[in-house]
Structures are given as C-alpha cells and as structure tokens.
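Trainee: Build out the structure end to end from the sequences listed, making use of the hints.
Sequences listed follow chains A and B, in order. The first sequence begins at 31 in this note's numbering and counts up one residue at a time. The second sequence begins at 51 in this note's numbering and counts up one residue at a time.
Some hints here could point you the wrong way.
As the list claims (entries may be wrong) - In silico SDA-like pairs for lysine to any residue, Cα to Cα no more than 20 Å straight-line:
1. A:K328 - B:Q201
2. A:K328 - B:L196
3. B:K396 - B:Q267
Unchecked claim - Computed Cβ-Cβ distance ranges for the label pairs, DEER-style:
4. B:Q267 - A:M244: 25 to 35 Å
5. A:R148 - B:L361: 35 to 45 Å
6. B:L361 - A:M248: 54 to 64 Å
7. A:G156 - B:F347: 26 to 36 Å
8. A:E240 - B:A167: 52 to 62 Å
As the list claims (entries may be wrong) - Covered stretches of chain A (chain B as the covering partner; in silico rule of three or more C-beta atoms under 8 Å from a C-beta of chain B):
9. 141–147
10. 150–162
11. 206–218
12. 335–348
Hints were generated in silico from the structure; no laboratory data involved. For each residue, glycine too, the CB sits at the ideal point set by N, CA and C.
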Amino acid sequence: MSRRAPLLVTLVAFLLPLLWIEPRTYLTLTVAGLAMGMLIFLVASGLTLIFGLMDVLNFAHGALFSWGAYAGFTAAVLLNQRWGWAAAPSVAANVSLLVIALAAAAAVTVGLGILVERVIVRPVYGQHLFQILITLGATIVLEELIRIVWGPNDQVVPVPATFQGSWDIADIVVLKIPVLAIVLGAAVYAGMLGLLNRTRVGLIVRAGVENNEMVQVMGHNIYRYFTGVFAAGSALAGAGGLMWALFSQSVRPAMGGEQLIFAFIVVIIGGLGSVTGSLVGALLVGLSYNYVAFLVPKAAIGVTMGLMVLILLFRPAGLYGAAR
Amino acid sequence: MTPSPASPVRSARLEERRRRWRDPTLALRLALVAAFAMVPLVPSFQAMDLALKIALFATLVASYDVVIGYTGIVSFGHAMFFGFGAYAVALALGRFGAPDYGHLALGFAAGILVSAAVAVAIGTFSLRVKALFFAMITLAFAEFALILAVQWSQVTGGEDGLSPTLPGVFAVTYAGRVLGVAVTGRLVTYYAVLAACVALFLVMRRFVQSPLGRTLQAIRDNELRAEALGFRTFVFQILASSFGSVVASVLGGCYALWVRYVNPESTLGIPIMLDVLLMVIIGGIGTLYGGIIGAAFLLTARTLLPDLRGLGAALFPGSEIFQRLADRWLLYFGVLFILVVFFFPKGVLGTVRERLARRGAPGEV
Numbered sequence: 031m032s033r034r035a036p037l038l039v040t041l042v043a044f045l046l047p048l049l050w051i052e053p054r055t056y057l058t059l060t061v062a063g064l065a066m067g068m069l070i071f072l073v074a075s076g077l078t079l080i081f082g083l084m085d086v087l088n089f090a091h092g093a094l095f096s097w098g099a100y101a102g103f104t105a106a107v108l109l110n111q112r113w114g115w116a117a118a119p120s121v122a123a124n125v126s127l128l129v130i131a132l133a134a135a136a137a138v139t140v141g142l143g144i145l146v147e148r149v150i151v152r153p154v155y156g157q158h159l160f161q162i163l164i165t166l167g168a169t170i171v172l173e174e175l176i177r178i179v180w181g182p183n184d185q186v187v188p189v190p191a192t193f194q195g196s197w198d199i200a201d202i203v204v205l206k207i208p209v210l211a212i213v214l215g216a217a218v219y220a221g222m223l224g225l226l227n228r229t230r231v232g233l234i235v236r237a238g239v240e241n242n243e244m245v246q247v248m249g250h251n252i253y254r255y256f257t258g259v260f261a262a263g264s265a266l267a268g269a270g271g272l273m274w275a276l277f278s279q280s281v282r283p284a285m286g287g288e289q290l291i292f293a294f295i296v297v298i299i300g301g302l303g304s305v306t307g308s309l310v311g312a313l314l315v316g317l318s319y320n321y322v323a324f325l326v327p328k329a330a331i332g333v334t335m336g337l338m339v340l341i342l343l344f345r346p347a348g349l350y351g352a353a354r
Numbered sequence: 051m052t053p054s055p056a057s058p059v060r061s062a063r064l065e066e067r068r069r070r071w072r073d074p075t076l077a078l079r080l081a082l083v084a085a086f087a088m089v090p091l092v093p094s095f096q097a098m099d100l101a102l103k104i105a106l107f108a109t110l111v112a113s114y115d116v117v118i119g120y121t122g123i124v125s126f127g128h129a130m131f132f133g134f135g136a137y138a139v140a141l142a143l144g145r146f147g148a149p150d151y152g153h154l155a156l157g158f159a160a161g162i163l164v165s166a167a168v169a170v171a172i173g174t175f176s177l178r179v180k181a182l183f184f185a186m187i188t189l190a191f192a193e194f195a196l197i198l199a200v201q202w203s204q205v206t207g208g209e210d211g212l213s214p215t216l217p218g219v220f221a222v223t224y225a226g227r228v229l230g231v232a233v234t235g236r237l238v239t240y241y242a243v244l245a246a247c248v249a250l251f252l253v254m255r256r257f258v259q260s261p262l263g264r265t266l267q268a269i270r271d272n273e274l275r276a277e278a279l280g281f282r283t284f285v286f287q288i289l290a291s292s293f294g295s296v297v298a299s300v301l302g303g304c305y306a307l308w309v310r311y312v313n314p315e316s317t318l319g320i321p322i323m324l325d326v327l328l329m330v331i332i333g334g335i336g337t338l339y340g341g342i343i344g345a346a347f348l349l350t351a352r353t354l355l356p357d358l359r360g361l362g363a364a365l366f367p368g369s370e371i372f373q374r375l376a377d378r379w380l381l382y383f384g385v386l387f388i389l390v391v392f393f394f395p396k397g398v399l400g401t402v403r404e405r406l407a408r409r410g411a412p413g414e415v
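Mentor: Next comes the structure, spelled out in structure tokens:
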C-alpha cells in the first residue's frame, strides 16, 4: 500500500454513513466528530512524540490533561467572578478569557510535565516496565491531588458568551465550541509540522526519533530535548483538557483517564511516533464514534475498538508507523 | 556406548531436581499452607474472609507474575480475565434455574474458554509488533469489558451485579458433619477455594520451571537473542499470557464462590488491576511467591484503614483538610507505588533472595 492509501480508504469510509443518515444530520455529526478527533489529536500527538523520541510510554499524560482542564477552569472562574468576562457580551473580553485560560492550562501542565520528566521518568529511562509502573503511580497521585484541591465532584465550566450556542448555516446546526476545537487542532497540527520540518530544533527532534544515540554523538544534549518535548507534549495535553472541558461544559477528576484510552487507541492506529498518523487516527476515531453513537448508541465504544483491531490486522505497526 | 556428557542445561535441571526435597524453604511453604488451613479455628468471620482473600489475591498476583515477571510483557487486562471467570460462574449459577454442580462446572469451563480465546486474540494482533502495544491494548480492552458489564444489564445485572446462590455443600444453608465435627457451607467453600489456590500455585510453579518457562525467561531477558536461537518468541508470549489469563479466570470463579457477589467494580475494574500491580511490585516481580507478601500487606492495610481513619478523626477533630487527606487513601497508594519502584524495585522477596544469593546460600523461597 502506498502512503496515500490509508487516507483514501478513510475518505470513502466516511462518506459511507450518508446511506443511513440524512445529509444535514450527517454534517452536524461530522463537525462534532472532527472536533472530538482534534481534541483527541491534541492528547495523542504529545503522547506519540514523547514515545517516538524518548521511547517512554507516558501513562501520566491523561492526568496532565485533567490538570490542564482544572487549571484553565480555575482561571476562567476567577476572571468571571472578578470582571464577569465570560458572561459579558463583549467579544474582546470573551476571547481574552479563553486565551488566558489556555495560557494557564499550558503553564501549569508545562510545569508539571517538567517535574514529572525530571523527577519521575528520568531515573528509569530505558526500562519499559518501570516506566509504565512509575508513570501509572504519577497518574494516581496527580488525579488524587485534583480531588483534594478541587473536590471529587463534577463542576460546571463557564463558557464565554461568544462561544456559546450555534450558527445556522442553510439549516445546518453548527455548534461554536467544536469549530473552535477544530481550528485550534488544525493550527496545532500545522504548527507542529512547521516546527518539526522547518526548524533546527525540529530537525534534531526528528533525528532523535530515528536514532538518539547518534544525535548525542553529534554533540547535542538529547536530555534537554527530552525535557522540551515532554513539556510541549504536556502543554498540548493541558490545552486539550481545557478545550474538552469547554466542549462538555464540565470538569471531572477522572476525565483524563478516559481520554487517555482514546489517545492510546489513536496512537496505535496512527503508528507510534508519527504526528500525521495520530491526526488521521484521531479523526477516524472521532468521526466513527459520532456516526455510530447516532446510529447505534450502545455500540459507540465498541466501534473504536473494532477499528483498532481491524487496522492492526492489516497494518500491525499502525497506519503510518515504522515497524521498529 | 558411553553416555554422552550432560549438557549444561541438563545438569542444571538435575541439580535442581535433587535440591527439591532438601530445599530449606519447603518447610516454610508447608507451614504457610498449614497456617491458612488453621485460620477457621479463629472464631471470627473477618479473619477467615481476610485469610482467604489473601490466598486468592496471592495466587492471582502469582498468575500475573507469570506474565509480567517471567515473560516480561505488561498486561492491564489481568483483572478483566479475573472478572470473566467471576461473571461466568455467577451467570452459570444464576441463569439456569436451581443451581447444581453441573452449572458450577459449566461456569468454570465457560470462564476458562472465554478467557483463553480472548487472550489468544488480543495477543495475536498486539504482540506482533511490539510487546509495548500489549500494555495499551489490554488497557483499552479492560475498559471496554467494564463498560460492557455496566451497559449490558439484562445479562450482567449492570452496576448492581449478580448474587449467585451456590449448590449443594457450598450453599449457605448447608450444615453437615464430617468426622463428628459440625461443618457449614462457608467452611466447605473456604477449604475448596484454598485447595484450588494451592493447586494453582503448584501448577504455576511447574509452568515457570519447565523448559517452556525457561524459554519465556530467555525471551524476557533478551528477545533478540531468543529469536536468533530459533524460538518463535511471539508464540511463546501468547502462550504465557493465555496461561496467566486462564489461571486468573479460575480464580475469578473462586472469588465468586467465596464472596457470592459479583459486580463490575469489584471484579473487572481498573482498581483491582492497580491492587494486583502494587502487590506484585511490593512482593517482587519475577518471584512467584512474592504475591503472598504483597497481598497480605495490602489487604491487611485496607482492612485496618477504617480504624486508622477513626483514630485520625479523634486526633484532629473538625479538620477538613485532614478529612480530605484521609479520604484519599488512593493518594498514598500512588506515592507508595512510586517509592517502591524507585527504592525497592526488586520487592521484598526479590531483595531477600538477592541477599541470600550474595551470601552464597542456595536458598530459593
């Protein structure tokens, strides 16, 4: 199969549900599916890069997602209480609230990411078993800390007025938050590709994914790049967490764990270490989940698993994965 | 014809076989079994319940150790197989009218079959590329199984779970006399489950010490080398994970027999998996018997925890932060998890064995 084949198969597969769903509903579902896909992509891309470069399977990624959501949620609540930025009809106030919340989410998760990488992951580089166990331990601790700081219950997230509701374009209902998520996801993807393919740092990171000993031999301190990539991946997870919180209008301590499983499936489907693979995988999962949730609600989680099994049967290393 | 000189493998095996009956820890193991057998003499149901759960979980941890410690693949689906067994037995006893021994056997058989089939299927498409895939895929499957058990409530009873009634001598109402001593259904179940645990332990010990088990350890230590020696590592890994899963499902059935209640949270959930992981780390990965220490420590701690909380509340009355900290025992669990991996990666038994080996004593616990 050529490298374009998976894309083609994907496109055909996603026009298929038109046979059962009327076009207008189909478009609404497609927007929701793309949004969900993009949010999963934010989580999965960090996971896949960390794996590709550092050979670390980071179970703590889901907890960082929750931390991002809670940090952004706290920022939004504080701003809304102090100046009423979320309730105000002013677009400028709404947008700055969103930007500040995103910045808070990213800042907190970058800090936590560096902490986790330096303290938890670094001593066990190269030992898969201990990496899995120790990042799992970190997940439990981080999630429990959320429960202690913010309490164990669901909380409602204030969504800025500008981003509430929907647009009606020719009778098609398009919710605003999903569109925001799609734009953010696409921007992150473009930014990542640009960073990886056009800059010196990207070149070194890509070389590190191929062979990190060689990069070290060439005189680069690969550990500094490890920390950087880990922090960047954590920031993406945090931003994804906040967007997910806005999307579902609530935060829960366990939200990260559920997303982590989706992210794992996406990373497996896309191929470990491939950013494009995780985008394609995430969109596949997001779209198929939404279509099936509409047609046969109870089978929605099953279809994601089925998709993974199917892809693994034909491409054991994932869609874009190099068999390593 | 002169007998050919024994190969290193052959002589090592002969040496091991000779040592079997001279092993100083044989007495320790027999004493342990005897201690578990004596527990019902203590007139406390709580003690009996704790002892049997320790035995069950120690065996479950050992079966997990076969996968994680002796084969070197990380599975997050072990609790799922435990749950398969528990649900199979509970369903077989609850869904076909008055339960009898046939239903019981059917339940165990169904659990074993389903677990073996699922384990082989998961192994087939996840172990082909990287053993690491296995960790992610089993996690996804475990979550899926949990959701299935909750959603498919006509069959599984949903969140409420199932409470099977047991047949014949296992029934709560059973009261008989053996050698002039009054015997209840509880007691019969206790000994039956304990016997199953001991038998499974012996089978697992045989499994890891067989040539097959040695091959698995070779794959764990250096997969490339084992492959170069001509072993189909992929097949061996599937075999080991399926074996572990089948043992787990038998134990799940035993758990259903003892607790008489099966729900998604107590048999299938991720928390059970985390317990098993922590037990295997505390006891020592790759030691088989370490699970006894891990299970005893964790289960005893959990039984005593409510008392500790009461003590804490008495010491710091009205402190909300303390209340929150005390409620989140999972936090300490996580911290313990990290600390053990950092400072005690070989676990209790692993460390003890290492010390003994350094002293030159041929002790194997």
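Trainee: Now tell me, hint by hint, if it's right for this structure.
Mentor: Evaluated hints:
Under the criterion of a C-alpha separation no larger than 20 Å, the hint pairing K328 of chain A with Q201 of chain B is consistent with the structure, at around 8 Å. Pair hint K328 of chain A plus L196 of chain B holds up; C-alpha atoms about 14 Å apart against a cutoff of 20 Å. A C-alpha spacing of about 16 Å is found between K396 of chain B and Q267 of chain B, which places the hinted pair at or below 20 Å, so the restraint holds. A hinted range of 25 to 35 Å holds for the C-beta pair Q267 of chain B and M244 of chain A, which are about 32 Å apart.
Range check, R148 of chain A to L361 of chain B: about 37 Å between beta-carbon atoms, so the 35 to 45 Å window is met. For the hinted restraint 54 to 64 Å between L361 of chain B and M248 of chain A, the CB-CB distance of approximately 59 Å keeps it satisfied. Between G156 of chain A and F347 of chain B the CB atoms are about 29 Å apart, so this pair conforms to the stated range of 26 to 36 Å. About 39 Å separates the C-beta atoms of E240 of chain A and A167 of chain B, a value inconsistent with the hinted range of 52 to 62 Å.
Check on the stretch 141–147 of chain A: 0 of its residues sit with their Cβ under 8 Å from a Cβ of chain B, so the three-residue criterion for coverage is violated. Counting residues of the stretch 150–162 of chain A whose beta-carbon sits less than 8 Å from any beta-carbon of chain B gives 7, enough to reach three: the coverage restraint holds. Using a Cβ-Cβ cut-off of 8 Å, 0 residues of the stretch 206–218 of chain A lie near chain B, which falls short of the minimum of three, so the contact claim is violated. Coverage of the stretch 335–348 of chain A by chain B holds in this model, with 7 residues showing a Cβ closer than 8 Å to a Cβ of that chain against a need of three.
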